[in-house]
Amino acid sequence: MSDSIPPFLSLARLADLLRERHVSPVEVARAALERIAHVDSRLNAYLLVTEREALASALTAEAEIRAGRYRGPLHGVPFALKDLFLTAGVRTTAGSRVLAQYVPDTDATVVARLREAGAVLLGKLNMHEFAFGVTNVNPHYGAAHNPWDIERITGGSSGGSGAALAAGLCAFSLGTDTGGSVRIPAALCGVTGLKPTYGRISRFGVLPLAWSLDHVGPMARSALDAALVLQAVAGRDPRDDTSSDAPVPDYASALQSDVRGLRVGVPWHFIEGSVEPEVMTSFRAALDTLAGLGASVTEVALPRLPLSRSLFSSIVLPESVSVHERYMTSRADDYGPDVRARLEAGLLLPAARYLRAQRIRRLLQADFRAALAQVDVIMTPTCPMMAPRIGEETVRIGEREESVTDILTLFTRPVNLVGLPAVSTPCGFTTAALPVGLQVVGRAFDEATVLRVAHAYEQATAWGERHPPA
Amino acid sequence: MAAEEGITLDASRAERLARRYQRLLQDIRELDSVDIDDAEPAVQFRLEG
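Going down the list, the protein sequences come from chains Z and G. Sequential numbering of the first sequence, starting at 1, is according to the working numbering. Sequential numbering of the second sequence, starting at 471, is according to the working numbering.
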């Protein structure tokens with residue numbers, strides 16, 4: 001890679017260099033492509049590298065910037081997409097053999113918006129099959145490997161996004177998050193991931209997992225970078241009826257304020273006893289840092305949080321069965337065993353149980369609403385544990401032996417059930433040099449506050465300046 | 471679809487499915503104990519004029 005373009009530059013800094021024409025989009029794209037060729041054979045983050053298209057886009061961006069037609073902070077910036085965003089003329093597999101040959105003829109709305117912003121697509125990224133799992137151990141295309149320890153999972157389902165960002169193989173990415181699939185790989189790979197409010201970002205052209213839980217979210221190397229990406233893709237889309245027409249604020253400007261007077265709520269009753277000691281140490285230290293910046297930390301009660309696993313499975317299974325009915329009828333043998341078993345179990349859930357879960361979900365939303373009337377944000381560790389080893393299916397935390405999936409989603413899936421915005425930002429490392437994530441949850445459509453808190457925390461710490469050995 | 475197509479299970483698939491379904495039954499039982507008299511469904515539904 002070119003010495004003049006370090007692979008871990010922030011998007012914001014890279015944008016400055018591009019705007020001031022200290023580097024050109026073609027130089028940047030070439031450097032990224034070279035690094036992918038050099039590094040990704042160990043990580044398996046990319047399912048497809050679109051080199052020719054990337055260089056063509058970069059050339060266009062270069063000509064536009066040189067001609068004075070600068071489009072904004074994503075212009076000429078290389079990015080990559082989880083492979084479930086439709087990309088016109090570019091294969092989109094959803095990490096499945098079912099769609100191995102699928103080439104869409106249209107772009108997802110968010111892809112079109114990123115192209116309009118002048119960003120340069122480098123390729124499509126590994127993911128858990130159909131986004132239905134959080135390990136990113138993909139039976140068809142191979143596991144994505146964590147750059148901090150390639151024997152360990154990236155987390156998922158947007159695992160290729162986490163690995164590519166952590167290893168300096170793109171400047172930002174888009175993932176999707178149904179039960180934590182942006183925040184979990186962000187935490188386990190040591191980058192920043194935002195699940196915005198339900199409806200904040202269009203899902204048109206994004207292959208679904210479960211309609212009432214799916215969110216599109218930016219992943220990047222900082223909260224500021226995530227804010228810049230969110231700015232480009234947020235807002236009402238007439239082609240997605242669930243997208244919101246709530247105004248889109250200037251997110252980067254909102255990061256300028258500090259966190260003095262911020263009220264932080266922590267649901268200790270749900271956290272204690274469920275978290276690895278090293279993760280707990282990092283989490284407590286993060287709270288201390290925020291208190292040192294002028295925030296106050298109190299306990300909040302979220303009494304129905306323990307129902308989240310049952311609620312989540314009672315909703316995600318029938319919704320995903322509905323999405324997959326056609327292919328499960330005709331192509332069942334093309335699914336990997338874990339996803340197939342989930343879908344087949346979902347077939348057996350009575351409709352009344354699904355609706356019962358949707359009703360209880362209202363009660364959980366009421367709990368969060370009440371808590372967020374008392375505090376400005378709620379914080380938890382993003383995941384209770386560091387990245388497990390590839391192939392590990394259960395882990396022991398305290399006295400309990402539980403599935404990796406249940407543990408990793410413990411604090412993330414409740415937030416999908418209530419649809420609120422949440423960011424994961426790095427908050428430390430274990431003694432094994434594995435990243436730990438801090439989750440910040442805010443009020444509906446208040447992405448600005450969760451990003452502001454993450455930004456203030458990042459400015460006060462240096463976790464994002466560490467990079468993996470790969 | 472299962473009834474129409476018929477499901478043939480080898481031992482490992484049957485075991486995996488049984489495990490999943492057992493988990494789902496646990497989840498269902500847990501939710502059975504919640505009082506939902508005051509809760510409307512949270513299904514996303516939007517009408518345009």
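Calculated directly from the structure, the hints in this document are not laboratory data. Glycine is no exception: its CB is placed at the ideal position from the N, C-alpha and C atoms. Incorrect hints may have been included.
Said to hold, decoys possible - Label-pair distances were calculated between CB atoms; the ranges are:
| hint | chain 1 | residue 1 | chain 2 | residue 2 | range |
| --- | --- | --- | --- | --- | --- |
| 1 | Z | 250 | G | 483 | 35 to 41 Å |
| 2 | Z | 101 | G | 504 | 42 to 48 Å |
| 3 | Z | 281 | G | 510 | 38 to 44 Å |
| 4 | Z | 37 | G | 482 | 54 to 60 Å |
| 5 | G | 492 | Z | 256 | 50 to 56 Å |
| 6 | G | 485 | Z | 115 | 26 to 32 Å |
| 7 | Z | 285 | G | 507 | 52 to 58 Å |
| 8 | G | 510 | Z | 248 | 25 to 31 Å |
| 9 | Z | 431 | G | 483 | 37 to 43 Å |
| 10 | G | 510 | Z | 22 | 54 to 60 Å |
| 11 | Z | 285 | G | 483 | 43 to 49 Å |
| 12 | Z | 20 | G | 504 | 56 to 62 Å |
| 13 | Z | 330 | G | 500 | 51 to 57 Å |
To be verified - Derived, one-sided and incomplete: chain Z residues facing chain G with beta-carbon distance under 7 Å:
| hint | residue |
| --- | --- |
| 14 | 301 |
| 15 | 302 |
| 16 | 313 |
| 17 | 322 |
| 18 | 323 |
| 19 | 326 |
| 20 | 344 |
| 21 | 351 |
| 22 | 353 |
| 23 | 355 |
| 24 | 356 |
| 25 | 359 |
ask   = Okay, which hints does this one fail, numbers in order?
value = Going through the list in order, the structure violates hints 1, 4, 6, 7, 13, 14, 15, 17, 18, 19, 21 and respects the others.
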